[in-house]
Amino acid sequence: AQSVTQLGSHVSVSEGALVLLRCNYSSSVPPYLFWYVQYPNQGLQLLLKYTSAATLVKGINGFEAEFKKSETSFHLTKPSAHMSDAAEYFCAVSEVRTSGSRLTFGEGTQLTVNP
Amino acid sequence: DAMVIQNPRYQVTQFGKPVTLSCSQTLNHNVMYWYQQKSSQAPKLLFHYYDKDFNNEADTPDNFQSRRPNTSFCFLDIRSPGLGDAAMYLCATSSPTGFVTEAFFGQGTRLTVV
Chain A
1 AQSVTQLGSH VSVSEGALVL LRCNYSSSVP PYLFWYVQYP NQGLQLLLKY
51 TSAATLVKGI NGFEAEFKKS ETSFHLTKPS AHMSDAAEYF CAVSEVRTSG
101 SRLTFGEGTQ LTVNP
Chain B
1 DAMVIQNPRY QVTQFGKPVT LSCSQTLNHN VMYWYQQKSS QAPKLLFHYY
51 DKDFNNEADT PDNFQSRRPN TSFCFLDIRS PGLGDAAMYL CATSSPTGFV
101 TEAFFGQGTR LTVV
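Chains A and B supply the protein sequences, listed in that same order. Reading the first sequence from the start, the letters are residues 1 to 115 in our numbering. Reading the second sequence from the start, the letters are residues 1 to 114 in our numbering.
Don't take each hint at face value.
The list that follows gives simulated cross-link-like pairs (lysine-lysine, DSSO-like), each with its CA atoms no further than 27 Å apart [to be verified]:
| # | chain 1 | residue 1 | chain 2 | residue 2 |
| --- | --- | --- | --- | --- |
| 1 | A | K69 | A | K58 |
| 2 | B | K44 | A | K49 |
| 3 | B | K17 | A | K49 |
| 4 | A | K49 | A | K68 |
| 5 | B | K17 | B | K44 |
| 6 | A | K49 | A | K69 |
Worth flagging that the hints you see were computed from the coordinates, not collected in a lab. No experiment lies behind these values; they were computed from the predicted model shown.
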């Protein structure tokens with residue numbers, strides 16, 4: 001079974017500092033990987049996705065992630081944090097089935113941005 | 001805008017009283033999902049429909065059922081809600097054309113059981 005592990009349930013950064021949220025995957029086949037963001041009492045919004053086309057993936061709101069097969073990682077980064085980036089971030093892996101793909105999420109990382 | 005809409009956003013129900021949550025979509029996607037998300041936890045897939053085909057996760061309690069009368073609508077029925085069923089319930093859709101695509105989520109329904 002495919003899975004993802006997010007390292008660090010809470011990350012705190014200063015406004016303007018680098019954001020780094022860690023995600024490692026476990027998969028016996030080339031994975032399809034996603035990062036989603038969730039604001040309080042909201043649904044999940046897709047930030048970016050990796051589907052094997054390019055190892056460096058750019059997403060919305062200035063976020064990007066790099067797929068590293070040798071490290072089985074898909075870490076999310078943003079050069080300069082904004083206050084509006086404070087939210088919960090989920091890494092997910094997609095398992096493709098004939099009955100429709102299904103997402104398995106990591107436990108999430110709560111990002112706090114300090115002024 | 002095409003989207004996934006969940007109603008209501010907040011639902012309070014009594015212990016043991018059946019409750020139904022609804023989801024509609026204007027994306028015309030053929031796959032619809034229901035996830036349960038408890039406080040500070042990851043979303044957990046309960047079941048999904050591929051067109052009319054129902055796919056239950058092995059560990060989804062029998063207390064949870066779902067209906068999909070047409071492409072646009074999907075319902076989550078909780079037959080006898082317990083205190084442990086209080087959670088955010090997320091509906092999502094996807095359209096698996098070609099390789100896998102992302103899931104599009106609704107705003108969620110937060111269920112409180114009293």
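Here is what the structure says about each hint:
no. : hint             : result
1   : A:K69 with A:K58 : 18 Å, holds
2   : B:K44 with A:K49 : 20 Å, holds
3   : B:K17 with A:K49 : 40 Å, violated
4   : A:K49 with A:K68 : 14 Å, holds
5   : B:K17 with B:K44 : 23 Å, holds
6   : A:K49 with A:K69 : 15 Å, holds
Checked against the numbered hints above, the structure violates only hint 3.
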